[in-house]
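Student: First to last, the protein sequences are chains A and B.
Residues 1 to 176 in my numbering are what the first sequence lists, from first letter to last.
Residues 1 to 182 in my numbering are what the second sequence lists, from first letter to last.
These are computed hints drawn from the structure, not numbers from a lab.
Each residue gets a CB set at the ideal place from its N, CA and C atoms; glycine is no exception.
It cannot be assumed that every hint is accurate.
[As the list claims (entries may be wrong)] Away from chain B, derived, C-beta distances all over 12 Å, residues of chain A:
(1) 8
(2) 13
(3) 88
(4) 90
(5) 91
(6) 116
(7) 120
(8) 129
[Claimed, not checked] Which chain A residues face chain B? A few, computed with CB under 10 Å, are given here:
(9) 26
(10) 29
(11) 39
(12) 62
(13) 63
(14) 65
(15) 66
(16) 140
(17) 150
(18) 151
(19) 152
[To be verified] Output of the computed footprint for chain A on chain B, the stretches with three or more beta carbons under 8 Å from beta carbons of chain A:
(20) 64-72
(21) 112-124
(22) 153-167
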Amino acid sequence: MNQAPSMFKPAVISGAAFGIAGSIPVINWINCACCALIIGAGLFAAFLYSKESRKIGVSFGPGNGATVGVLAGLVYGVVAGVVGGAINAAFGMGDWQQAIEQIQASGADIDPATLEQISSFMESSGGAMMFLIGLFFSLLCGAIFGVIGGLIGGSVFKVEAQPGMYTGTPPPPPIG
Amino acid sequence: MRWIGRVLAHYRLPMNNDSPTPRPPSRLVPAIVTACALLFTMGVVAVPWLASRDFLLAPLLRLGYKPGCHQIPERCLDLGFGPMAVCARCAGLYLGGCVGLLWTTLRNRSSRPRPLWLAVVAIPTVLDFAAGQIGLPSLGNWPRFALAVPLGLLAGLYLGDALIEIVRQNSRSYTSSPDSVG
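Let's have the full structure, built from the sequences with the hints guiding it.
Tutor: Now the structure itself:
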C-alpha cells in the first residue's frame with residue numbers, strides 16, 4: 001500500500017519562493033490584491049503536492065490542500081518576515097514613524113499622547129519590536145490566506161481515489 | 001430488465017431499497033463560512049457608511065481591511081458615503097467569492113468548474129494589474145470591479161466545493177469509525 005507523500009517539501013518550496021517574492025519591495029504590491037501572493041503560495045503548494053500524490057498513486061483532496069496550504073503560508077510568513085525585515089533594515093525602510101503616519105492618515109481617533117508613548121517605546125526597542133510585530137502579522141496572514149489558497153488548490157487539483165488507491169482511511173475490521 | 005441492472009452496476013448505483021441512500025452533507029460548516037464571508041463583505045460598504053455617521057470604530061474597522069488591500073481612495077468605489085474600505089478590484093473579488101459560496105451552500109452540492117476557467121477569468125484582472133504596474137493606462141473603478149467578480153465567483157465555487165468535500169469526508173469517516181457504533 002502506498003504511503004502519502006510528505007507535505008514538508010512542497011510547503012517549503014512554495015512558501016520560500018513566494019515569501020522571497022513577497023519581501024521584494026515592488027513585487028510585494030501583488031499582495032495588495034487580496035494577499036494574492038500568499039494565496040498563490042497555498043495554491044502552488046497544493047499543486048506540487050497533488051503532482052506528488054498522483055505520481056505515487058494516492059488520493060488528494062481539499063483536506064490535504066488546506067493542510068499543505070497552511071504550512072506553505074506559515075513558511076511564507078517566516079521567510080517574508082525575516083527577508084523583508086532584513087531588506088527594511090538594510091535600506092532603512094518601514095520604520096515605525098511610517099506606521100504612525102499611516103494610522104494618522106487613516107483618520108483613526110487615537111490620543112496623540114498614546115501615539116507618542118508607543119512611538120518612543122518602539123524607538124527605544126531598536127527596531128526589534130517592529131520586526132517581531134511584522135513577523136506576527138506575516139505569520140497570521142500567511143496562515144489564513146494559505147489555507148484559502150490550499151483549499152482552492154485542493155479543489156482544482158483534486159486527485160480522485162481509484163480502486164485500490166490509498167485514501168488515508170483505515171479498512172473496516174473483519175466481520176466474525 | 002436485466003440491462004437496467006447492468007447500467008446500475010456499471011455506474012455503481014444502489015440496486016435495491018435496502019442499500020442506504022447517501023445523505024447530503026451537512027450545510028452547517030459551509031453556512032457558517034458563507035455567513036462570515038458575507039459579514040466581511042458587507043463591512044466593506046458598512047465602513048464608509050459608519051464613518052459618514054461619525055461612528056467611533058469606523059477608522060479602526062477600515063484598518064482591519066488594510067493587510068489585504070492598498071485602500072487608495074481614488075481606486076475605491078464610492079456609493080455616496082465616501083470610498084469603500086477596499087479597492088474596486090478587491091470589492092469585486094469579495095462579492096464574487098460570496099456569491100460562489102452562497103450558491104454552493106444553498107444547493108448543498110459542489111459546483112466545480114473546469115480548472116481552465118480559473119485561468120481564463122484571471123487573465124483580464126492580471127493584465128489590468130500588470131498594466132497599472134508598468135504605467136500603462138488602467139481601467140476605471142467599475143470595469144475593474146466587474147472584471148474581478150468572475151474570478152472571485154470561481155474562487156468561491158472552488159472554496160465551497162472544498163468545504164463540502166471536507167464535510168462529506170469527515171462525516172463518512174465518523175460513521176465508519178468503530179467508536180461511533182453503539
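Student: Hint by hint, say whether it matches the structure.
Tutor: Each hint, compared with the structure:
The claim that residue 8 of chain A lies off the interface holds: its Cβ sits roughly 22 Å from the closest Cβ of chain B, which is beyond the 12 Å cut-off. Non-interface call for residue 13 of chain A relative to chain B: holds, since the shortest CB-CB distance, roughly 21 Å, exceeds 12 Å. Taking the minimum C-beta to C-beta distance to chain B, about 17 Å, the non-interface status of residue 88 of chain A holds against the 12 Å cut. Distance check for residue 90 of chain A against chain B: the nearest CB is about 23 Å away, which clears 12 Å, and the non-interface claim stands.
With 12 Å as the threshold on Cβ separation, the claim that residue 91 of chain A sits away from chain B holds: the shortest Cβ distance comes to roughly 20 Å. Its beta-carbon lying about 19 Å from the closest one in chain B, residue 116 of chain A satisfies the requirement of being farther than 12 Å from that chain. The claim that residue 120 of chain A is not at the interface with chain B holds, since no C-beta of that chain comes within 12 Å of its own (minimum 22 Å). With a closest Cβ-Cβ approach of about 19 Å to chain B, residue 129 of chain A is found to remain outside the 12 Å limit, as its non-interface label requires.
Hint on residue 26 of chain A holds. Least Cβ distance to chain B is approximately 8 Å, under the 10 Å limit. Look at residue 29 of chain A: its Cβ gets to within about 7 Å of chain B, closer than 10 Å, so that hint holds up. Satisfaction of the interface hint for residue 39 of chain A is found here, the shortest Cβ-Cβ separation to chain B being roughly 8 Å, below the 10 Å cut-off. Checking residue 62 of chain A against chain B: minimum C-beta separation of about 3 Å stays under 10 Å; hint holds.
Given the 10 Å rule on beta carbons, the hint for residue 63 of chain A holds: about 5 Å separates it from the nearest Cβ of chain B. Because the smallest distance between the Cβ of residue 65 of chain A and any Cβ of chain B comes to about 7 Å, under 10 Å, the interface hint for this residue holds. The beta carbon of residue 66 of chain A comes within 7 Å of a beta carbon in chain B, closer than 10 Å, and the hint placing it at the interface holds. Interface restraint check for residue 140 of chain A: the shortest CB-CB distance to chain B comes to about 9 Å, inside 10 Å, so the restraint holds.
Of the supplied interface hints, the one on residue 150 of chain A holds, with its beta-carbon coming within about 9 Å of a beta-carbon of chain B, less than 10 Å. With a least beta-carbon distance of about 4 Å to chain B, the hint placing residue 151 of chain A at the interface is held under the 10 Å criterion. Evaluation of the residue 152 of chain A hint against chain B yields a held restraint, the C-beta minimum of about 5 Å falling below 10 Å. For the stretch 64-72 of chain B, the stated coverage by chain A is satisfied: 5 residues place a CB nearer than 8 Å to a CB of that chain, which reaches the threshold of 3.
Chain A is given as covering the stretch 112-124 of chain B, and this holds because 3 residues of the stretch bring a CB closer than 8 Å to a CB of that chain, at least three being needed. Coverage of the stretch 153-167 of chain B by chain A holds [criterion: at least 3 residues with CB-CB distance below 8 Å; count 8].
In the structure shown, no violation is registered for any of the earlier numbered hints.
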